[in-house]
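**Q** Below, each chain spelled out in residue letters.
There are 2 protein chains.
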Amino acid sequence: MKTLIDRILKDGKCYEGGILKVDKFINHQLDPNLMKQIAVELIRRYASTEINKIITVEASGIAPAIMMGFLLDLPVVFAKKKKPSTMADMLSSTVFSFTKQREYHVCISKEYLTPEDKVLFVDDFLAYGNAAKGIMDLCKQAGAELVGMGFIIEKAFQNGREAIEAAGIRCESLAIIDSLDNCEIKIRQ
Amino acid sequence: MKTLIDRILKDGKCYEGGILKVDKFINHQLDPNLMKQIAVELIRRYASTEINKIITVEASGIAPAIMMGFLLDLPVVFAKKKKPSTMADMLSSTVFSFTKQREYHVCISKEYLTPEDKVLFVDDFLAYGNAAKGIMDLCKQAGAELVGMGFIIEKAFQNGREAIEAAGIRCESLAIIDSLDNCEIKIRQ
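First to last, the sequence lines map onto chains S and Z.
Letter by letter, the first sequence follows residues 0 to 188 in numbering that gives the first Met the number 0.
Letter by letter, the second sequence follows residues 0 to 188 in numbering that gives the first Met the number 0.
If you're looking for bench data, these hints aren't it; they were derived computationally from the structure.
Glycine included, C-beta positions come from ideal geometry on N, C-alpha and C.
Any given hint might turn out to be false.
Example chain S residues on the side facing chain Z (calculated, C-beta under 7 Å, incomplete) [unchecked claim]:
id, residue
1, G68
2, V75
3, C182
4, I184
Can you build the whole structure from these sequences, using the hints too?
**A** Now the structure itself:
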């Protein structure tokens, strides 16, 4: 997706340890029009797939997910990273964050993830794929069908795609970063 | 806002201690079309106010904020509740959450909140107003002008509005709950 790639090259910042900071337009300050374009491109890629629910994880996945849900007129569910005090009947899976070097949980109420659901998972980053594995686990627990995953940015050198495709799940990323070595952003064209 | 009030009466659940759960359509599962209608109503109420940035707090404020930002073509910034490792120059304020009985921080990078900003703050709930006070503090630190606040649901009996209006800031809520006593939802008509 050219608009996105150009924007990453213009406004993305690279840090030691394979960190790409895009907080000018994706995960702190948000560019709503870019989010709409991202949603449209994901809709185009999944045009021939039956979807009846968009799932994401708080917080940076919510903007692209709600845009997709709005354009497709589908409900959106965001997995919570902490179990809320008022959520009784919930599904939970443990996720290890490499970036933050700690475990967290992804939780979805059983009410909002069921065997009737054909789920598209949307998130801002695909890195090691641990959040994606957590969502795969939640869908399995719920008996929901996970029909695909869509990411704004994939850090291909962290190999998250492998586990997703090994499970037979389609994976689409709108910008694929091949390397952040020497703090230089190399995007696949 | 009638659609919203009807939806709260239909799908909202009341718990002991003044807790209103709206996780079927606002803060776990999201109804994107309702979010768009909420954004339109807030835009209507602030029609004569000059705004150049929408601010919210992760996570449940992001959906209405991005819809407003999209419709108004304005940037959206969501305050983070934890200081990210890659955010160097940031403004921070301490917030006490009554619901969770603990302190957290609201953080915004200095890059994205500046003296040029005319800010509308948008969030899902106005309860005791502590998050709102945190945002007022951040805007003051940044020298930004806080032109108003917009909430989806106000729990009027928790008096959050007082501190906002005492500071001379306009406050709009789309559904005002007068009482949740005896687990009965009483909404102002």
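**Q** The structure should be examined with respect to each hint, and the outcome stated for every one.
**A** Now for the hints, and whether the structure bears them out:
Evaluation of the S/G68 hint against chain Z yields a held restraint, the C-beta minimum of about 4 Å falling below 7 Å. The interface hint given for S/V75 is met, as the beta carbon of that residue sits about 4 Å from the closest beta carbon of chain Z, less than 7 Å. With a least beta-carbon distance of about 13 Å to chain Z, the hint placing S/C182 at the interface is violated under the 7 Å criterion. For S/I184, the interface hint is violated, since its Cβ never comes within 7 Å of a Cβ in chain Z; the closest pair sits about 15 Å apart.
The structure does not agree with the numbered hints 3 and 4 stated previously, though it agrees with the rest.
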